[in-house]
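Student: Sequence:
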Amino acid sequence: MKKNNFLGALIEESLRYGQIEEIEKLVQHKNDLSNLPVQPLYMVFKTMTPEKAALHLDKLDSFQRQAFLDIDLWNKDELDLESFSFWIQAYNNCPKEEIKNEFLQGPEFGLFIKSKFNIWTFDVEEPLYPEHDNFFLTEDSLLLFEFHEDFAQMEEVHQLVKDIYTALGVEYAYAHLFKFVATSFINLVEEEYHWKKNRMRDLGFVDYFDALEIDAEIPVLDNFIDKKIVNTGDIDILGKAQVLPKNSLIPFKDENVAILDELAKVDDDKRREFLRFNFIRLINATHTLNNSLKSGSVSMARTGKKTRCLIDLGFDYLKLKRDAENIFDRFEFEDLYKIGNTLVKDVQKKIKTVLHKNNMEDTQGFYGNFWSSFLDQSFSEIVKYKEIEISDVKKYLAWKECAVLFCQLLPFMEKFYAVYLKLNKSGALQADYYLNYTPEDMDFEALLISCYGNSKLGHSSSEVNKLGITIVEAKSLLEELLDSSNKIKEDVKGIEDFTKAFALGQVEGFIPYFISCLKRNFEDLDFRKLRDDEFKHIGGFIILNSQ
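Counting from 745, one number per residue, gives the positions in the sequence shown under the working numbering.
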């Protein structure tokens, strides 16, 4: 391992803690787990049944137990009562009264019952009951808990409310519960979210709104890079002890040598500790945005892969801009992610803008396979170009160049689509007119190639077969396009004239693109051996049905 490779050490440690069986052994046989990092322990506890988890809660310290509740009570900035119900079951079965009471007197249980129950004050002398049986009274008969008939944990909550009275006594138990009756739900949620955010910060967790800031685009990228100042905060002992879930770091196992070389130049211990913690924060921020931690190993690995690609892209971009500078003396991992994310979102935003401007947002089927695939990959969770993840500047520029071509082509696609719609609605396009396409299957590339074919054949716009060509004409055109090895010839004739005729010359890179269209549709097509009826299986030219 490279000198000062604290990132590699973090990954190794996280992978080591990721051995669930080993952590389970510690949970089973050790009486004190307080020295273990939160996330690996959380992952192990959530593989247990609530009843089994209840038996080991006393081995955690109060900070770890609180962190487990904070993780499961929230999804982004909203309550996640479904996940939190695990702890209702667990604490109801906890044999240690002091641990159970810690939970019962905490705000999380109060928020849960406030969310799941209508809680009313009850007057024994003038009782007013609901018109159903879905309720229970507290031990002092001063509060009535009303619940939905489908609520599955009524018995557990009822018992836990009884336990509050046992632990606090009637007067204090009533006062504790009445606080949740009297306080507005919104105020309770906002207050607890604030405290949760502060508690989890020291563990390297990032709340939803801070995660959105990390994921936001940088308004002026080069200005951000030029004016970035060093930020090295102090990391406390609790933060230094944290690691990440194994599955979120699997994408980082393959080393980026350039990043490791740059990290090796960091000699200051405080800076290394800060960068390590900053990396943990970044991964946790992406988990927060995608709810990955609670969604399972596949989601964590997918989120980790996306994060890895954006870090690598941001680093590569920075090295090109600041080759003489040690990147990690001034920038941290969040910066690399933000730079990579900004580069990607900038291209995505331009594509979306052009789609909207040309009213082509809902016509992806018309683009053809190449552009449909391009758009799918451009807006997939892990952005790709030609099935390759965009993780460095070279791949990014190739993708961006293709995006520019698409944006320039889109106004022409819109015009082609308008003509296609007009012909189709008028009944001019009928399935039995064509051998190899139905009207619904016709796309931009098919129309483009067919227009080229008609242009090459000298058909004028007044001729009825302008859209389609005959089998004989298709064979003639293919003979001119393909060499004896069925590859597109290097000196294909007529493309420049076609480009000028349709004003496509203003699209930068159109001719190479069009040649690639011809290659996708016709290369390795041994058309000379095809029977006429077999031409119904080829793409490209729209061929008229001769029958």
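One thing to keep in mind: the hints can contain errors.
[To be verified] In silico DSSO-like cross-links for lysine-lysine, where the CA-CA straight-line distance does not exceed 30 Å: (1) LYS1038 x LYS1063; (2) LYS1273 x LYS1244; (3) LYS997 x LYS1063; (4) LYS997 x LYS860; (5) LYS1159 x LYS820; (6) LYS984 x LYS997; (7) LYS774 x LYS790; (8) LYS1038 x LYS860; (9) LYS1169 x LYS1139; (10) LYS1063 x LYS1159.
[What the hints assert, rightly or not] What follows is a set of in silico ranges between Cβ atoms, one per label pair, in the way DEER data are often shown: (11) ASP1276 x LYS1096: 43 to 51 Å; (12) TYR873 x LYS906: 13 to 21 Å; (13) GLU935 x LYS1159: 33 to 41 Å; (14) PRO1256 x ILE1132: 34 to 42 Å; (15) GLU1069 x ASP1235: 31 to 39 Å; (16) GLY1040 x GLU822: 15 to 23 Å; (17) PRO1183 x ASP1090: 51 to 59 Å; (18) ASN967 x GLN1108: 29 to 37 Å; (19) TYR873 x LEU825: 20 to 28 Å; (20) LYS1166 x GLU1234: 36 to 44 Å; (21) ASP1090 x TYR1177: 23 to 31 Å; (22) GLU870 x GLU935: 43 to 51 Å; (23) ASP1276 x LYS1159: 55 to 63 Å.
Hints listed in this document are in silico derivations from the structure and should not be mistaken for laboratory results. All values derive from a computational prediction rather than experimental measurement. Ideal Cβ positions, reconstructed from N, Cα and C, are used throughout, including at glycine.
Student: Looking back at the hints listed earlier, which ones does the structure fail to meet?
Tutor: Of the numbered hints, 1, 2, 4, 5, 9, 10, 13, 14, 15, 17, 21, 22 and 23 do not hold.
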